[in-house]
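Trainee: Okay, here's what each chain looks like letter by letter:
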Amino acid sequence: MTRKIEGIAASSGIAIARAVVLNAETYVPVRSPAEEPEREVERFRAAVRQAQGEIERIRASVEEKLGAEKAAIFEGHLLILEDPDLIETVEGQIREEAVNAEYALHEVAQTFIEALGQLEDEALRERAADVRDVSGRILNALRGVQGGDLSQLAEECVVVASDLTPSDTAQLNLAVVRGFVTEIGSRTSHSAIMARSLDVPAIVGAGAGVRGIPAGAILVMDATEGVLLVDPSPEELAAYTEKKAQYDRRQAELRQWAKRASVSSDGHRVEIAANIGKLEDVQKALDNGAEAIGLFRTEFLYMGRSELPTEEEQFQSYKYVLEKMAGKPVVIRTLDIGGDKELPYLDLPKESNPFLGQRALRLCLERQDVFRAQLRALLRASRYGNLKIMFPMIAVLEELLEAKRILEEEKTQLVASGVEVSETIEVGMMIEVPSAAVSADLFAKEADFFSIGTNDLIQYTMAADRMNETVSYLYQPCHPSILRLIRHVIDAARAEGKWVGVCGEMAGDLTAIPLLLGLGLHEFSMSAGSILPARERIGSLSHGDWQSLSRQALSLRGHREVQSFVQQQLEGGIHA
Amino acid sequence: MITQSFTVTSPTGLHVRPIKTFVEAAGKFPCKISVLSKGKKVNGKSSLSMLTLGVAAHDEVTLEIDGEGEQEAMKTLGEILLRIHE
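Chains as they are written, first to last, in my numbering: chain E, 43 to 618; chain D, 360 to 445.
So that you can see chain D by itself, here it is in the shape it has in the complex:
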């Protein structure tokens, strides 16, 4: 299992669109992907659960990824967290 933390840059935080991008990318990996923020941990393949985290701009988010393809998943998903979304 690998973990890494990211500071969300997108001005509106993790809203519908960035989460959509994230979840769609997460769904392509066979490994288990968890997203942690402010003491809560949710399934990174569920957009609804990710929304309930209420991640705002500049919040820190930790990815916990376990299983096949975890390195590549971390790279792809971390990049999505750092990117600025419309």
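If we strip away everything but chain E, and leave its shape as in the complex, we get:
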């Protein structure tokens, strides 16, 4: 009968193959006296040298197969072999206690493994695996034991193990290994990270159930959902074979879009950008083929701490993103705090209606110390890439003018003090307050670009708190009221030769995309995971057709009518 085991889907995909079970031997050295401690130290050093040689070989082969970035793990391993607190402590223990090297090494490594295992940060906790991997390798060398070598696997299989060390994972023979399942581990384990970069399906942390899997059993692993079937029935096998074929086809299709331009079927070019909220997100944006950063939320720099970030800290973060994007546009939004995001250390008065209170730029114009520090950091970073500065929550023109004046003041001062500042920084604003949307023509003369924050624009237009579930039905991005506002903003900007983006959820919404394209939106900014499906969708649409279709949609009765209109058009093939 089928046995079902659930675990963490660490690397997506589906695999069907027989199990190869790795029996990790647990070896705990026994304490025994060393008659000549100096010779024991020598034996230890020789084992360390042997381990060094092995790791260096693995490092070189990983670098060749997977690139320098993945090989860095093994530089970390080499560093462990040189670590004074490990090596000198082991040698000290051998000498002082006259014990065998195996025992001393095990003891010292164990203290590090335990200390690392207690850390809060999951990724750091996983570093215990490195110590286990390296010390296990030295122990093998001391004992003259050959470690398992996964590069020798010759038949198609799913590898089942208690855990895979980083060196195990790096040596998997990808020609035959279809996936792996481990008893322990998390999404941030080395093996999980490695699996994602190798594009091998992996389920980790599947628990003790993994131990009962017999070698040679047929396994179905669905690492899109973290489900493992042992000895599936013929029906299950057939169903998963079909699911796997579909999944693989779909992935191959989507991946093609990563390197393509964002162009409609009739040659209209737009830009697909990524929204990011942390520095780590930049790589993911690039991996998914983002052409720009359309919204860099800077709140992360201010939140979860007890004091304001320094100007220097901010400068480093902005510079990092600008350099990483290598000349591609990066729209950085100034601090958007207030509303649902609080900063206890600013000690702001409690407001009864924070979403309608002193939020974002309103607060920045009041707390100019905070605002000016951020602007200086941005200006200083500007020469490292293609920076665009964006002000949030503007309701009336005076706010924009005041923000621009302060920016200009800081710029003049910086330049006067000899700091190099880019001369081509665009300065734009979010459109999220209905007053700004309705009077976009007034703003279009003063702003270099608009980015429509649809989440807030919908909440303010519908007067419906987006946190309140009882009114969540009013979150209607395709309602004609919202679409008309968007059309007005785009038309007003176009009249002044300015560009418009959308940086809310709506930009990645496959139903809204045809409408936004038709209305003439220039930039679609979304979470990295939405980019490829969005680019695929745009590639299937005719801009010309949707120019008139989107105008038709504006006169429909409501959200539902617009959505079904779009669906009908898409299914009817008129867009093709």
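If you're looking for bench data, these hints aren't it; they were derived computationally from the structure.
We put the CB at the ideal spot given by N, CA and C, even for glycine.
Worth double-checking, as some hints may not be accurate.
Stated by the list, open to error - Derived, one-sided and incomplete: chain E residues facing chain D with beta-carbon distance under 8 Å:
hint, residue
1, 114
2, 166
3, 173
Claimed, not checked - Quick partial rundown of chain E residues pointing at chain D, CB under 8 Å, derived from the structure:
hint, residue
4, 121
5, 123
6, 127
7, 154
8, 158
9, 161
10, 297
11, 359
Chain E is fixed; fit chain D onto it per the hints.
Mentor: Chain D alone, transformed into the frame defined by chain E:
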């Protein structure tokens, strides 16, 4: 002996790579280098010991440096703590 405190900027805190950079730089100085964070004090020339500090982004770290070249070591190592690492 000189001491100075720094706020770590790198988004993932003091992880393997920043620590590698730090330890390699620290190893070039003859002086004694200690790293303090959250009440623990470890050897700044040991990557494993530095990892056990579990320093996250925005955590404060104090360097305590004693001996030959301490000024220059403080400057070099402080800069590494503030830098953003891949």
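Trainee: Each hint needs a verdict: does it hold in this structure or not?
Mentor: Quick rundown of the hints versus the structure:
1. At about 7 Å, the closest approach between the beta carbon of residue 114 of chain E and any beta carbon in chain D falls short of 8 Å, and the interface hint on this residue holds.
2. The criterion of a C-beta within 8 Å of any C-beta in chain D is met by residue 166 of chain E, whose closest approach is roughly 5 Å, and the hint holds.
3. With a least beta-carbon distance of about 7 Å to chain D, the hint placing residue 173 of chain E at the interface is held under the 8 Å criterion.
4. At about 5 Å, the closest approach between the beta carbon of residue 121 of chain E and any beta carbon in chain D falls short of 8 Å, and the interface hint on this residue holds.
5. Violation of the interface hint for residue 123 of chain E is found here, the shortest Cβ-Cβ separation to chain D being roughly 11 Å, above the 8 Å cut-off.
6. For residue 127 of chain E, the shortest C-beta to C-beta distance to chain D is roughly 4 Å, which falls under 8 Å, so the interface hint holds.
7. Hint status for residue 154 of chain E: holds, given a least beta-carbon distance of 5 Å to chain D, under 8 Å.
8. Restraint check, residue 158 of chain E versus chain D: the minimum CB separation of about 6 Å is within 8 Å; hint holds.
9. Contact between residue 161 of chain E and chain D, as hinted, is supported at the beta carbon level, the nearest pair being about 4 Å apart and thus within 8 Å.
10. For residue 297 of chain E, the interface hint is violated, since its Cβ never comes within 8 Å of a Cβ in chain D; the closest pair sits about 24 Å apart.
11. With a least beta-carbon distance of about 7 Å to chain D, the hint placing residue 359 of chain E at the interface is held under the 8 Å criterion.
Against the hints set out earlier in the document, violations occur for numbers 5, 10.
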